[in-house]
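> Sequence:
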Amino acid sequence: MKRTSSKTLLITREGYQQLKAEHDELWFKKRPEITRIVSWAASLGDRSENADYTYNKRLLRQIDSRLRFLRKRLDELTIVDYSPQQAGRVFFGAWVELEDDAGNSLKFRIVGPDEIYGRKDYISIDAPMARALLKKQVDDVATVSTPNGPKDWYIVAIDYPQPTQPS
Numbered sequence: 004m005k006r007t008s009s010k011t012l013l014i015t016r017e018g019y020q021q022l023k024a025e026h027d028e029l030w031f032k033k034r035p036e037i038t039r040i041v042s043w044a045a046s047l048g049d050r051s052e053n054a055d056y057t058y059n060k061r062l063l064r065q066i067d068s069r070l071r072f073l074r075k076r077l078d079e080l081t082i083v084d085y086s087p088q089q090a091g092r093v094f095f096g097a098w099v100e101l102e103d104d105a106g107n108s109l110k111f112r113i114v115g116p117d118e119i120y121g122r123k124d125y126i127s128i129d130a131p132m133a134r135a136l137l138k139k140q141v142d143d144v145a146t147v148s149t150p151n152g153p154k155d156w157y158i159v160a161i162d163y164p165q166p167t168q169p170s
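With this note's numbering, letter number 99 in the sequence shown gets 102, and the count goes up by one each step, no holes.
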């Protein structure tokens, strides 16, 4: 999955730890396991008709590609931790609860673009909704541009995950 470099290079500490854990899982567990299978399959002889060799060699290339991406990405990301000055306003890392005129409600966390995959309750800081909410307070109105025209959302609650103390 290619991502462009025009995306914001911010990430929450939890998001960074998840990417790092994915890297470590691939590098220390998955890659050595697949490398052993490829070596074993190669030792059997004719590689052109060896499905184990062909499949695992392709898998190894995919793992290596993902590892290259993760290493580069982890180096360029900036971890943003909660700061007490953020309290009461919407900034990166905030959980925001919204409501519209029809009574529909939304709740999500504003995070970096690398963190939104597989999560329905996270939105990217680059999303128009997140941009419209930045620096707003509870009871403020955020007007978001949509394909059907502007839509108003009222900020009901803002919360930040409290940092965990290192053990």
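Bear in mind the hints are in silico, worked out from the structure with no lab data behind them.
Ideal Cβ placement from N, Cα and C applies to all residues, glycine included.
Treat the hints with care, as some may be off.
Said to hold, decoys possible - Under the rule of at most 35 Å between Cα atoms (straight-line distance), these lysine-lysine pairs were calculated in the DSBU-like manner:
no., residue 1, residue 2
1, K75, K10
2, K33, K10
3, K110, K60
4, K33, K154
5, K139, K60
To be verified - The following label-pair restraints were derived from C-beta to C-beta distances:
no., residue 1, residue 2, range
6, A90, A45, 14 to 22 Å
7, P164, R64, 17 to 25 Å
8, Q20, D142, 40 to 48 Å
> Which hints from the list above does the structure break, by number from lowest to highest?
3, 4, 5, 6, 7, 8
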